[in-house]
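Colleague: Below are the chains, spelled out letter by letter.
There are 2 protein chains.
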Amino acid sequence: MAYLIKQGVTMAAVIDFYFDFSSPYAYFASTRIEALAGELGMQVNWQPILLGPMFKATGSAALVDIPLKGAYSRHDMQRTARLHGISFTMPDPFPVATVAAARIMLHVGQSDTRLARAYAQRVFHAYYVDGINIGEPEAALRLAGELGLDVDAVAAATAGDAIKSRLRDSVQAAMDRGVFGAPFMFVGDEPFWGFDRLDAIRQWVRTQGAQASSG
Amino acid sequence: MAYLIKQGVTMAAVIDFYFDFSSPYAYFASTRIEALAGELGMQVNWQPILLGPMFKATGSAALVDIPLKGAYSRHDMQRTARLHGISFTMPDPFPVATVAAARIMLHVGQSDTRLARAYAQRVFHAYYVDGINIGEPEAALRLAGELGLDVDAVAAATAGDAIKSRLRDSVQAAMDRGVFGAPFMFVGDEPFWGFDRLDAIRQWVRTQGAQASSG
Numbered sequence: 074m075a076y077l078i079k080q081g082v083t084m085a086a087v088i089d090f091y092f093d094f095s096s097p098y099a100y101f102a103s104t105r106i107e108a109l110a111g112e113l114g115m116q117v118n119w120q121p122i123l124l125g126p127m128f129k130a131t132g133s134a135a136l137v138d139i140p141l142k143g144a145y146s147r148h149d150m151q152r153t154a155r156l157h158g159i160s161f162t163m164p165d166p167f168p169v170a171t172v173a174a175a176r177i178m179l180h181v182g183q184s185d186t187r188l189a190r191a192y193a194q195r196v197f198h199a200y201y202v203d204g205i206n207i208g209e210p211e212a213a214l215r216l217a218g219e220l221g222l223d224v225d226a227v228a229a230a231t232a233g234d235a236i237k238s239r240l241r242d243s244v245q246a247a248m249d250r251g252v253f254g255a256p257f258m259f260v261g262d263e264p265f266w267g268f269d270r271l272d273a274i275r276q277w278v279r280t281q282g283a284q285a286s287s288g
Numbered sequence: 074m075a076y077l078i079k080q081g082v083t084m085a086a087v088i089d090f091y092f093d094f095s096s097p098y099a100y101f102a103s104t105r106i107e108a109l110a111g112e113l114g115m116q117v118n119w120q121p122i123l124l125g126p127m128f129k130a131t132g133s134a135a136l137v138d139i140p141l142k143g144a145y146s147r148h149d150m151q152r153t154a155r156l157h158g159i160s161f162t163m164p165d166p167f168p169v170a171t172v173a174a175a176r177i178m179l180h181v182g183q184s185d186t187r188l189a190r191a192y193a194q195r196v197f198h199a200y201y202v203d204g205i206n207i208g209e210p211e212a213a214l215r216l217a218g219e220l221g222l223d224v225d226a227v228a229a230a231t232a233g234d235a236i237k238s239r240l241r242d243s244v245q246a247a248m249d250r251g252v253f254g255a256p257f258m259f260v261g262d263e264p265f266w267g268f269d270r271l272d273a274i275r276q277w278v279r280t281q282g283a284q285a286s287s288g
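Chains as they are written, first to last, in this note's numbering: chain A, 74 to 288; chain B, 74 to 288.
Quick caveat, the hints were computed from the structure, so don't treat them as lab data. Watch out, some of these pointers could steer you wrong.
Label pairs and their computed distance ranges (CB to CB) [unchecked claim]:
#1 B/MET163 to A/ARG279: 21 to 31 Å
#2 B/GLY125 to A/LYS237: 39 to 49 Å
#3 B/THR186 to A/GLN245: 44 to 54 Å
Backbone N, C-alpha and C define an ideal beta-carbon position, used for all residues, glycine too.
I would like the entire structure built from these sequences, with the hints used as guidance.
Modeller: Now the structure itself:
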């Protein structure tokens, strides 16, 4: 694994990537973040969260439900996808509850982080390209089955209290760290909110790298 | 003046640029928008607005006052300025009421749009670089005086009901058009929200231009 030197402290070169499957901008980021990390010699740590509790903390709501901002954001989502060449069809229904998919991803990630990432990418694609309602727990399970996972075993594991409290703890830990939206990225302690901050990550990492080399 | 052809309709190649002097991201945009317009062969129509009434409509508040988002946004403002090489010192007090400066700009713009733009740029610079509290009406007037305007005449004109209702009408017209934040830009009917959408304006105009040439 590559390392970055920042202010004399060596830290693993990891991008922590927080997302809710019901955020189109998180989906856009999910299609680009691995390439960005590769370019920078970094790894991506995929972290499913739930926006609901965060919106309560910030007094916010789903973008598309906010007066004026809702209409704009629907338009901006379509345009952003087009400008970046990302396949995207605004899902209906939208937004949906993503707790089932998030629990499945956490469960899979306990034993295999690569498979968990593949599951997350499959869920995003299913919702924003294939038009599958990932809010339905059966659909979220079926997508796990497509990746070769034992659907009954996954269903049993994700119905248990352990995984439920693990997701709650993850969301709380993210909020304690300052996460209030999605996509949200950290490089070390440096926070980045939004698909439109991927360039800022690139610039920030390169600047830190240059400082480390010359420092 | 240059023109764009869009879907068979000729429209003036103008970027409508809406801003509140109390938005750091609007200040960042103000330092870049003329260069962007020049590059695209377009003009900029500078439109002062007030965010207060818009936040009421969207249930929002000043960014820095929102839990979690406030701390992040202060950090992002500093970083954005640094990454783009823009002089910036977070003002204190912040935010401030910008009604006096907005009225002065509207008043000046009735007879001289170039001078009004120069005034807007001076106000932004005063607040975000020189640390002048532009929320104080006397300070906003003094900046007009620096540009050679008759301070007493400006004070008299901007205390009148005509300019007050003109600003109210401008804010309402902007909201009717879909403006809910700052900076907010339009090219024709195409809306763009945020300093981080200047690249999207460039891409959008070029794509439209290419379509017009080949259509």
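Colleague: Compare the structure with each hint and give your call.
Modeller: Quick rundown of the hints versus the structure:
A beta carbon spacing of about 25 Å between B/MET163 and A/ARG279 agrees with the range 21 to 31 Å that was offered as a hint. Taken as a hint, the range 39 to 49 Å holds for the pair B/GLY125 and A/LYS237, whose Cβ atoms sit roughly 42 Å apart. A C-beta distance of roughly 52 Å is found between B/THR186 and A/GLN245, which places it inside the suggested range of 44 to 54 Å.
No hint from the list above goes unmet by this structure.
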